[in-house]
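Undergrad: Residue strings, one per chain:
4 protein chains.
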Amino acid sequence: MHKVLSLIALAVLGSGTFINTCQADTLAIVNGTIIDATGNAPIRDGVLIIQDSIIAAVGSAKEVSVPDDAQIIDAEGKFLIPGLIDANLHLFLNIDPETLVKYEGRFHEIIVEAAQIALKSGLTTVFDTWGPYADLVKARDAINSGDVVGSRIYLAGNIIGFDGPFSADFREGAAAHFSKAFVNRINRAWDQGVGRDLMWLGPDEVGSRVAEYAEKEVDFLKYGGSGHSDMFFISFSQRVQKAIVDAAHAAGKTVQVHTTSIESLDMAVEAGVDILTHCDITGPVKAMPEATAKKIADRQIACSVLPVTQRRLDALLAMAEPDKGPGPDLKNSRKNIVSLVAAGATLLLSTDAGIEHPILMSEREGAVTVDPRAKLGEGHFNALVGLEEMGVAPMEILKMVTSNTAKAYKLDGQIGTLTAGKIADIVILDRNPLKKATNYRSIHTVIKDGQIVGIDALPISPIISTLQPTEVTD
Amino acid sequence: MHKVLSLIALAVLGSGTFINTCQADTLAIVNGTIIDATGNAPIRDGVLIIQDSIIAAVGSAKEVSVPDDAQIIDAEGKFLIPGLIDANLHLFLNIDPETLVKYEGRFHEIIVEAAQIALKSGLTTVFDTWGPYADLVKARDAINSGDVVGSRIYLAGNIIGFDGPFSADFREGAAAHFSKAFVNRINRAWDQGVGRDLMWLGPDEVGSRVAEYAEKEVDFLKYGGSGHSDMFFISFSQRVQKAIVDAAHAAGKTVQVHTTSIESLDMAVEAGVDILTHCDITGPVKAMPEATAKKIADRQIACSVLPVTQRRLDALLAMAEPDKGPGPDLKNSRKNIVSLVAAGATLLLSTDAGIEHPILMSEREGAVTVDPRAKLGEGHFNALVGLEEMGVAPMEILKMVTSNTAKAYKLDGQIGTLTAGKIADIVILDRNPLKKATNYRSIHTVIKDGQIVGIDALPISPIISTLQPTEVTD
Amino acid sequence: MHKVLSLIALAVLGSGTFINTCQADTLAIVNGTIIDATGNAPIRDGVLIIQDSIIAAVGSAKEVSVPDDAQIIDAEGKFLIPGLIDANLHLFLNIDPETLVKYEGRFHEIIVEAAQIALKSGLTTVFDTWGPYADLVKARDAINSGDVVGSRIYLAGNIIGFDGPFSADFREGAAAHFSKAFVNRINRAWDQGVGRDLMWLGPDEVGSRVAEYAEKEVDFLKYGGSGHSDMFFISFSQRVQKAIVDAAHAAGKTVQVHTTSIESLDMAVEAGVDILTHCDITGPVKAMPEATAKKIADRQIACSVLPVTQRRLDALLAMAEPDKGPGPDLKNSRKNIVSLVAAGATLLLSTDAGIEHPILMSEREGAVTVDPRAKLGEGHFNALVGLEEMGVAPMEILKMVTSNTAKAYKLDGQIGTLTAGKIADIVILDRNPLKKATNYRSIHTVIKDGQIVGIDALPISPIISTLQPTEVTD
Amino acid sequence: MHKVLSLIALAVLGSGTFINTCQADTLAIVNGTIIDATGNAPIRDGVLIIQDSIIAAVGSAKEVSVPDDAQIIDAEGKFLIPGLIDANLHLFLNIDPETLVKYEGRFHEIIVEAAQIALKSGLTTVFDTWGPYADLVKARDAINSGDVVGSRIYLAGNIIGFDGPFSADFREGAAAHFSKAFVNRINRAWDQGVGRDLMWLGPDEVGSRVAEYAEKEVDFLKYGGSGHSDMFFISFSQRVQKAIVDAAHAAGKTVQVHTTSIESLDMAVEAGVDILTHCDITGPVKAMPEATAKKIADRQIACSVLPVTQRRLDALLAMAEPDKGPGPDLKNSRKNIVSLVAAGATLLLSTDAGIEHPILMSEREGAVTVDPRAKLGEGHFNALVGLEEMGVAPMEILKMVTSNTAKAYKLDGQIGTLTAGKIADIVILDRNPLKKATNYRSIHTVIKDGQIVGIDALPISPIISTLQPTEVTD
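Chains as they are written, first to last, in this note's numbering: chain A, 1 to 474; chain B, 475 to 948; chain C, 949 to 1422; chain D, 1423 to 1896.
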């Protein structure tokens, strides 16, 4: 006789503890519809067997038999998809001076908080593409070792060529109000010695510096192909970009680029990067030429895009000055995503998300709260709806947020699909995500590493995300 | 047989604990020279008896006999003076954004730290004339109740008419880098509802608002007679100043004024204030007219001055632009002190001192570290030397830092002199302070409330004062 | 037989030349209604005789006979009032850097342009209360000597205690973009050595400096009672204000004050000034107390006010942040004017007007163009309507813009009423100004110094007022 | 019998008029040493015949006979060199707001003033590589048509990819202080529609835009290879740079690049530019690699360099913060020039010079006036000395400032050497320039287009260059 663990029971369990410790070694999820994210048709009346955190078998009830000792999860009427993956976010995005001063020494705790918010919203894996290196490593290792619960983290550390938070790339003006000692500590925590100075150097030297950086405990590399403030400027020459890519690959790591213009995009493609981060951003003047989209598709370079909903775009356009600001950029972004899909490019869903400081957010005049994209735990749901609006096929959307990303990061042997041999990262939904993108929000259960996550208790010890905007008084 | 407690033993005791808990009820300090700060001649071979924290008797060995049960302190070759008093300092002076953000919620601890640094340097009483009200109250009450050791605190809270740290009076430009919620919390902590807005009102309303403020747990009142940034502007009309002074006196509290120009000084004199804070500051253009000094003397209004040494003045003048900045101001300050002394005015020594943040200080380009005046624990020693340079008589200098201040604050019934009936606040010096002002530094023992203070252990739990400038790296 | 000069003919004459050179020595204006601004009832079927630029006789046709040699002006159906007077404007208000650089050396020409715009709109006399001294003198002397046409100018030069255009009182931030030589030249042109530095001094010295300044070719004096940027700050102590007033009176000149708060107003009243400039401005927090209004009335000190229409106030309030900016100020301004009228104070109409640079104006985001008050040639008409809205009696309104002002400046022996012996400054209106304030706009003829002005040709050589906003391109 | 025109007589003539109008059709300069700047040895006892503004013959007295009708100039003891050429300067460099506002509409007059200062100092031809297009065209055409005297001008107009004076490339902060209309007019006068916006576009579009721009009356093209403010950023991708170069060449124009880093230099080399402007600037971090110098030499791309003297470098290093500012840049500049010479590259002397506004210059705190390089009329003399210090051979130095530049701009058929068939641009020196670089200053006579220039009278109607710093008062 199987131990039947109803989903209702799971939900109850979930609310008190964050990992279901009384779980059996073998778990069988039965009666649900399995959408494995390989592109294959959904399996109705499916059976998915988990053993030792790995998916042991997947198939229809006819094909797969449930082991005797398995604990049974009845997913009748529900939908199983792989754990979601955000290809590009920033668990520690709070580079406002107030947070930096107040929580210096505790950034890793905020990163864990963010990883728990991510996990709660179905993201079992996230790729952190810019943040404070040492704190990210600390949080990643704590999570990956099982000491604390959270979304699985892969991290890049600095974006090669970018300076830290108190630099011309970000908030230079704030530096004057703090001690140089503090400003330097913060900038060093981010830039890790591979900042703007590299732009003065030639390919050999940049290559060496990147090779050295790649020896750190970073999971992948990312470099700036264009400026962060002056988005049309190019950061590195063609040959230097090649040297960076080669150094990364020599170190066995995937390499991606930050680009924000048509030409910086093209240079990165020529340099042979693995992933183009926000390759949908081509500036306010012009959308991506067809030839560029085709080149990306032909060379099979993954495109990490930042989709917004039409509602958000409309709200931003209403606020923006004519031909300026985020509105026109995003108008082109939507066009570019459609072009890339049409050209057959491989897309990855990303959000640039982090924890939004609730107090600072509440104070932003005219801050558009319509369908936020960079708000951790919310952004990916809105981005998925944006893709649906742009006419991307439901199965492609699912792949963008699961298997495509795993593959682009060369992790498709481990994550991204519900197929035998993969790590058991599973989201069980109440409603069919292929019917309507908003159904991704109907999360019933999150399983990570084969363990049912007590998502209701997440984040466990929130620091920033629960600050009360009501503290704003005059 | 008396228990003889040698000063050497005291020093040893002092280093481990901050209050000598094994002290007898009656203490007799014998064989030293007593300078009681009344203006009377020093008493050689003096005897001072302390009972229940009060000075029971003072006189020569011939006049005063030592009770049998008294514990004896042998002060052979030493000099007894009243505990020192700073008429105007700011225990929490660290309004740089970094400290404000980092230590919000712990300001009272920093105030205690400051009060311990003060006590260690002989200041048994301090008058805090501007700071965060609630935190000051918390620290004052903790010290005055005996829960923690520290200099006795009297506090004013806000300077009436001044806005908080993130305002045009102080660091307005920094506000843009923080949440409004934080900026407002900080500003409110300081302004206490009696800020710049009062300047729009007439005498009746300002009077009412001050009367209301006087009901708070403040020990005395202080108002702005002139602007903090624009030093030549006058803050309140003659009749409003009168209303403020009347409201303070009606509440039974002394009232002082912040003035920075000849005319703001004159208006405050006319308004009937008790103390003129930094009345030696008359701006860069002109020194105090003789008539003004005479008026102050005639009306017996106490002058709280900020003396600097000639070395410091020279260093500042070398840095300053011609006719600008702190140099010319201080040049006039020295002249003004001499004029005031000549006119027979009652002077109080003050420093505006607080804990200087060691890291921020070390970064200040060209920051003049020569004979600092506003550095807590150092400043008053330098100021005393400055007075000596200006030709002030040694006995007058002693009175400025003890009995004059006690009297100006109407506390001469309790502190300020070594006479029977006063609280036993005593500093024992190795060398004669009437011989040379630097001898005030030769502190051997500090007694507060009749208790020997373990000054070597102070400050007990330093937060800011021990930060290491060596953290500054690039 | 009289030469009959019909008003229609006058209008034709007016359009070609600016002074009617073929005018007879004696002029008789007949058949119109004369409102002499003394407060007496209008004289229907009136006769006004002008001889040698002076009003020789005024009365009804029954009382006054027309000399044989008189040239007749038939004013049938029209209304004669004294030439209008603005108690407080700034003919050169264009202290934007672009104008300052571009027209340096030609400011006097712009002042003449302004005086011609003023005259065209019925202002035969204006009091310029702040501007570049030497240029104002040049323009005034050219006009008053008859070399050029324009409104009669009385000037104050600098506001004593104010620094120049590139100072903290006005546009300090712009200074960094220009040579120090230029910045200093401009600042000196305005401050004339009686700027902010005076605030450091006592009454004797300020008195001497003002006495010295009064020897310049200024017609009256004005000093700052409160700060221009920080409106609640007081500039001079009570005794210094007294010294300024005394120095002005000793020099035989009227003296007025710039005040912007209840207390700065009261101090000026106590100091004995002749005119309170914009005494309706008491800041955003509080309207004028009844006692203040009464005191002003009792001491018969003239109040120069800046009325706005309700429509303008509404427009400004709609733009303003709550409790900030010009809206709340003006709300109190309207209340204060009503209070002053109720208390029986003598009011003068003023506008602070100058030529508004058409290009800069057209670029101001949200610049309220509704019923502008500070726009030369327009402002006084709107201000008169504002007064009507506030319930001021029509005859009082007329006096505010004519006889009251003449009297306040002690010039009632020469201008301000249509009475025998006065300079023949006359405005002939098509419609009755006592019926409706907008009727002041129905100017048919302007006579200044007994000469009919060719108003259609004014301004004769415009420099700024005709610049085309259409030059704004992108 | 020849008409002998002694050089002394010439000098006298020169002082009154700027062109010797009583000059014969044929001129023979005899007895001097001719250094023709081809690299050939100097010709002692040389004869140079000018007919119709062209050099008809050059050789030793033995080889060349003097025509009978020739007017003779006796150059005994003197040295003839080709008219000097500055490969890169900016006749209108005064983009300070004060000059822009004050002289709008007269920029072409200032350009003529500059061209006359240049001519006076021996520069018969200058290449203006950035400035206000229409004004430059106006000045160039006036000079080249012979209407006014001045250095022959070739102009580029805008640097493609740069925005105007009030942009992020130059003085963005000043814009807020002026009307948008003015700011836009100025920016448009410079950017000519080929500014920063091009950076958003791909090669085809940029190519078209450049082709269109090349149809204007520009003599050659220049584009930004790197940012003007952020010197390490790259402005255009490799393929866009290629498109720019191709468009220029298709229009039959030479094309040069503004580069400021090793990588932007390399990209321009790869793109096939004709001239590398200030290719000696590689930033503060690193000097030019040997491989880069070799590549430039091998591809025979001309290097326009900005040499400074050691004295100037020392002065700048003394002022500069460690590792920052102009000092370290220039340290590498000197190293790079030596490397380029060693590699055999073709160098052109350039100065970036313009008229320095005497008042603004005199106010610059710590402005280094030691051996200025960018001061028109002075800079090239100092730069020549700098080259001498770096060990460049005297004949190479002469070629850099004459024939090399002519050749690089493909104008060697017309100017640059003293050889038959060339335009008669000649400088006659008192002392041998091959002996000592300071001898270039010993200008006795300047001949341009075969006409003796009355250099003493230049500039004829100075506007800016003679402003008196003594106007600076306080």
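Be a bit skeptical, because a hint or two may be false.
Subject to a maximum C-alpha distance of 35 Å in a straight line, what follows is the list of computed DSBU-like cross-link-like pairs (lysine-lysine) [what the hints assert, rightly or not]: (1) K727(B) <-> K1279(C); (2) K654(B) <-> K1279(C); (3) K1675(D) <-> K1484(D); (4) K102(A) <-> K690(B); (5) K1190(C) <-> K768(B); (6) K1797(D) <-> K1164(C); (7) K295(A) <-> K1675(D).
So the derived label-pair ranges between C-beta atoms look like this [what the hints assert, rightly or not]: (8) S1567(D) <-> A1405(C): 51 to 61 Å; (9) E215(A) <-> E837(B): 28 to 38 Å; (10) D788(B) <-> E217(A): 47 to 57 Å; (11) K1757(D) <-> R311(A): 50 to 60 Å; (12) M1267(C) <-> P1780(D): 18 to 28 Å.
The set of hints was computed from the structure by calculation and includes no laboratory data. Using N, Cα and C, we set each Cβ at its ideal position, and we do this for glycine too.
Undergrad: Determine for every hint whether it applies to the structure shown.
TA: Going down the list of hints, with the structure as the test:
Distance check on the hinted pair: K727(B) and K1279(C) sit about 38 Å apart at the alpha-carbon level, beyond 35 Å; violated. Between K654(B) and K1279(C) the alpha-carbon distance is near 28 Å, which keeps this suggested pair within the 35 Å criterion. Between K1675(D) and K1484(D) the alpha-carbon distance is near 41 Å, which puts this suggested pair outside the 35 Å criterion. Under the criterion of a C-alpha separation no larger than 35 Å, the hint pairing K102(A) with K690(B) is consistent with the structure, at around 31 Å.
Restraint check for K1190(C) and K768(B): the C-alpha separation of about 22 Å stays at or below 35 Å, so the hint holds. Restraint check for K1797(D) and K1164(C): the C-alpha separation of about 44 Å exceeds 35 Å, so the hint is violated. Of the pairs offered as hints, the one joining K295(A) and K1675(D) holds, with about 33 Å between alpha carbons and a cut-off of 35 Å not exceeded. Between S1567(D) and A1405(C) the Cβ separation comes to about 43 Å, which falls outside the hinted range of 51 to 61 Å.
At roughly 34 Å, the beta carbons of E215(A) and E837(B) sit within the given window of 28 to 38 Å. The beta-carbon spacing between D788(B) and E217(A), approximately 55 Å, falls within the hinted interval of 47 to 57 Å. For the pair K1757(D) and R311(A), the beta carbons lie near 58 Å from each other, so the given range of 50 to 60 Å is met. At roughly 46 Å, the beta-carbon separation of M1267(C) and P1780(D) lies outside the given 18 to 28 Å, and the hint is violated.
In this structure, the hints that do not hold are numbers 1, 3, 6, 8 and 12, in rising order.
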